[in-house]
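Engineer: Sequence:
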Amino acid sequence: MPGLRGWSRRAGAMLALAGAGLLALSALAQEDTGPADARPVHVAPLTGVIGPANAAFITGAIEDAEDGARALVIEMDTPGGLVDAMREINLAILSSQVPVIVYVAPQGARATSAGVYILYASHLAAMAPGTTVGAATPVEFGPASDPPAAPQDAPEGDSTDGEVQDSEAEDGAVQDGPAQDGSGEAEAAPSSAQAMRNKVVNDSVAQIRSLAELRGRNADWAERAVREGVSLTAAEAVEMNVAELIAPSLDALFQEASGRTLTLVEGREVTLDLAGASIERVEPGFALAFLQVITNPNIAFLLINLGFIGLLASFYNGLEPVTAIAGLLCLIVGFYGLNTLPVSYAGAALIVLGLGLLIAEAFVASFGILAISGLAVFALGAVMLVDTDIEALRLDWRLIAGVTAALGALTFAALFYGLAAQARKPVAGRESLKGMEGRVLEWSGTQGFVHADGERWHAVSKDALAPGDPVVVTGIDGLTLTVKKTS
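Residues -29 to -1, 1 to 458, numbered by mature numbering (1 follows the signal peptide of the UniProt record, and there is no 0), are exactly what the sequence shown covers, in order.
It is worth saying that the hints were derived from the structure and are not from the lab. You may find that some hints are simply not true.
Just the calculated beta-carbon pair ranges, DEER-fashion [what the hints assert, rightly or not]:
1. Phe383 to Ala297: 56 to 62 Å
2. Gly339 to Gly31: 50 to 56 Å
3. Phe286 to Ala376: 58 to 64 Å
4. Ala376 to Asp424: 24 to 30 Å
Calculated lysine to any residue pairs in the SDA-like style (CA-CA distance at most 20 Å, straight line) [unchecked claim]:
5. Lys455 to Met407
6. Lys405 to Glu426
7. Lys455 to Asp434
8. Lys170 to Gly187
9. Lys455 to Ser415
10. Lys405 to Leu341
11. Lys433 to Ile447
12. Lys170 to Arg186
13. Lys405 to Ala376
All of these numbers come straight from a predicted model, not from anything done at the bench. From the three backbone atoms N, C-alpha and C, an ideal C-beta is built for every residue, glycine too.
Starting from the given sequences, assemble the full structure and let the hints guide the process.
Structural biologist: If you want it as structure tokens, here you go:
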């Protein structure tokens, strides 16, 4: 049946062509989507106090993500930190070529103070259940410094040139504007300290409102977080358009974020496709980990004191080089760590004064007065050293007490050793002969020769002596000993 065989051949050829076409289309589809699907999502932690080490790590993580990641997720849990470090992180996020997702996690984490600004700067803000965000009031001025309230008659977000004046009515409500006393005269203008507080708060308000407007988030709540220190739970943050979504895990975050279109630098839009993406965790290297350790104020303070003790030990041991080099290294590293922190010059000066008084005690006979004064001044300077109300940046009082006690113990131990050395009789030279026992070799009247300290000495005595009598040296004049007979 030639016709049937021909038809079969044609059908087989058509099926083969169709199969080849499907394979080609499949290969093209894989070629189009393969490289994009292979890119991971980088995840970098941002925990603890935000400082120079955190800022360097996050900016480096953003640069690495730009080289081949779909997005960068910053897992954040922070009580706040230094303004300069926070701004460095925000500048890196705002200029990033890759989407940056800030994820407040794990459960129980917080985005407080500087963390609020970083959350607002992110392209996508997410929070895990049980987390909080808020309390963005600048705290460098102390807890007793109330931030100025927003003027009621001014447009939201406008500053008042740092001259907002608050007065409390009898019922506790805050009234803005110049208050009138009984005579109708306005109260005095705010002090320079209050004016500076107003400027800092207003600058912070302007900064966070600009971030909110850039990302389309709640600018009014952001201003309240700065002026009033308000906070929100994760659910409230999403409801009030402070964050975009809640996700209990990274996988859930990727599912929820996929399909969202984000606007990057220069208006470039990117649609997220994170579902099923692999995770590549980014951890700080040794150099950044070391920097994070030494910028801890407690570590820096301890290094400086160890360096001081090392130099003193080297000085008292004839400038012994190993101890001197170790002390210098500790001082250099400690001062570098403190240089990155808001240090009070008054506190630093008191510490130097206290150490100077401890050194002076070794050269001035003050019966411990200089040492006790030095320890008190040193402890006061240590309390004042770090000028901030961020609890995590303040020196631990237990460390201050321990270092002060150690310095006191070393100082009084050195004093005791010095006094004991002064009380001991000389062990070398002629003065060492006093109290030494000997025996008469020759004697005539009031003078003769004795054997003492293994040598023959000329001696005088008021006692009647004879060769062989035991004597003890009571004095020395030139090369002549004064002796007396012993029983």
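Engineer: Now, for every hint given, state plainly whether the structure supports it.
Structural biologist: Against the structure, the hints:
1. Phe383 to Ala297: 56 to 62 Å: The hinted range 56 to 62 Å is violated for Phe383 and Ala297, with Cβ atoms some 24 Å apart.
2. Gly339 to Gly31: 50 to 56 Å: For Gly339 and Gly31 the Cβ distance comes to about 52 Å; the hint holds.
3. Phe286 to Ala376: 58 to 64 Å: This hint is violated: roughly 22 Å between Cβ atoms.
4. Ala376 to Asp424: 24 to 30 Å: Since Ala376 and Asp424 have Cβ atoms about 45 Å apart, the given range 24 to 30 Å is violated.
5. Lys455 to Met407: holds, 11 Å
6. Lys405 to Glu426: Between Lys405 and Glu426 the Cα gap is close to 14 Å, so the pair holds against 20 Å.
7. Lys455 to Asp434: Given that 20 Å is the threshold and the Cα spacing comes to 6 Å, the pair holds.
8. Lys170 to Gly187: Roughly 25 Å separates the two Cα atoms, so the pair is violated.
9. Lys455 to Ser415: holds, 14 Å
10. Lys405 to Leu341: violated, 35 Å
11. Lys433 to Ile447: Holds - the C-alpha atoms of Ile447 and Lys433 are around 14 Å apart, at most 20 Å.
12. Lys170 to Arg186: violated, 25 Å
13. Lys405 to Ala376: violated, 40 Å
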